[in-house]
Amino acid sequence: MSELPGDLLYTNDHEWLRREDDGSVTIGITDHAATSLGDLVYVELPEVGQDVESGGEMAVVESVKAASDVYAPIAGEVNAVNEELADDPEKINSEPYGEGWIVRMTPHDAIDESELMSPDAYQQLLDELED
Amino acid sequence: MGSKTPLYDNHVDAGARIVDFGGWDMPLHYGSQKEEHHAVRQKAGVFDVSHMTIVDLGGERVREFLQYLVANDVAKLKDYGKALYTCMLNPDGGVIDDLIIYFMADRAYRLIVNAATREKDLAWIRQQAGPFAIDVVERAELAMIAVQGPDARKLAAPCVDAEWRDAALALKPFNGLQAGDIFVARTGYTGEDGWEMVLPASEAPAVWNRLLAAGVAPCGLGARDTLRLEAAMNLYGSDMDESISPLEAGLGWTVAWEPGERDFIGRTPLEALRNSPDRQRFVGLLLEDRGVLRNHQRVVVEGVGEGEITSGGFSPTIGRSIALARVPAGDYDRAQVDIRGKLLNVRIVKTPFVRNGQIRIDV
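Heads up: the protein sequence lines correspond to chains A and B, in order. The working numbering puts the first sequence at residues 1 to 131. The working numbering puts the second sequence at residues 1 to 363.
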């Protein structure tokens, strides 16, 4: 398994968040999640402008094998979605932390880091899953 | 931990993701299910199917027994090695299992039944066999390897002893032969040319390694499922089960109605359903919108009624989602499928979707 990017925050549901300079937050799924799902073939994205609650369904990623919900790790308004995924969902497999991003949100509140995981904490979760 | 086939260590060595399948620890994929799928359509792939149950039947009355046990007619098997696909029905006409029967020798047949249905199949066969005095012998010591794809036979040929190689390569579809220790049959579950090989478990790892060294891609259950779906080959437990007759699962062609006096188990209820105008259709669907069709999604036919997807997924060859579905009787070629509350458009298409590397539907 490749090394986790150190500048991201993570969730129990295997999502990642990047805080952008303009205050928005980019969200995707981790390499672990993408690998577990297998080759992705379709991504159902939310509408730009849509309001999502923390823990609410935000997107659906479908692999050859199964469909899986992506939950919003924070509450906010969707301000961009990765349209490239419509034609190339496998970007999530090949570059989960880069070109494979899924949604960009404007958070409603300041991000509470205690609700999320640091790279070290997420790595520990992955290590436990390996055992 | 589940049961392991003789090739379990080979799967782990090849980087397989192992999953439970009917109590067996089986490879789901070795990295990319899609690449494995394409390898079979374009060149050659190999599957460990040793989890499947092999049952040898013998006895004076074995042919008569099989003519009673299954819906297809083993009288069609005139030459040794010839294979027959059929369903084994309960008295209500529901499918206990689907299977392949090989005519091995005089008064000897081999049945290949599903892994997940092993126990009930063996119990049912033994129960029905009683009055016919049939020897029912499970061959758990045998492994089974499927090599599939346009180049499969050529690449697998060196695994067969030189003495038998030309004869093996000359086999016609749905024919097999015992080539020394290896039984080779030109059959499969992918819609491609290829062989299924039944061999002693102790020899399986060497054959597997030899195939991989020849450039044959190891393929897991994931690719096996998308390949068989494109080929519109039924999966037991998804497309049919004990509550569904072969006539409602697209398997009418496997029911031998003639001779009319052959009284196979389940014949009477099947006869009643045969000419029923209300009999459900079993069809192929192509999703015209973006998305992925999945098992159990609701199919809505406006003004007619509702049906259900029995096998759905993404077709790597077509690049669109396809499905098999059971839908109400009627003359229509369009429907909608309920995907997470949205009704998406599907077209009913003639199956198979893909055969021998070629897309066979209009997309």
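Check each hint, because a few of them may be wrong.
No more than 25 angstroms apart at the CA atoms, straight line, and that leaves these computed lysine to aspartate or glutamate pairs for DMTMM-like [claimed, not checked]:
#1 B:350 x B:338
#2 B:342 x A:130
#3 B:342 x A:90
#4 B:154 x B:248
#5 B:76 x B:258
#6 B:76 x B:261
#7 B:4 x A:130
#8 B:342 x A:47
Here are some, though not all, of the chain B residues that point toward chain A, as calculated from beta-carbon distances under 10 angstroms [stated by the list, open to error]:
#9 28
#10 33
#11 37
The set of hints was computed from the structure by calculation and includes no laboratory data. The beta-carbon is built from N, C-alpha and C at its ideal position, and this holds for glycine as well.
- Message: I'd like to know which numbered hints this structure contradicts. Please list them from smallest to largest.
- Response: 2, 4
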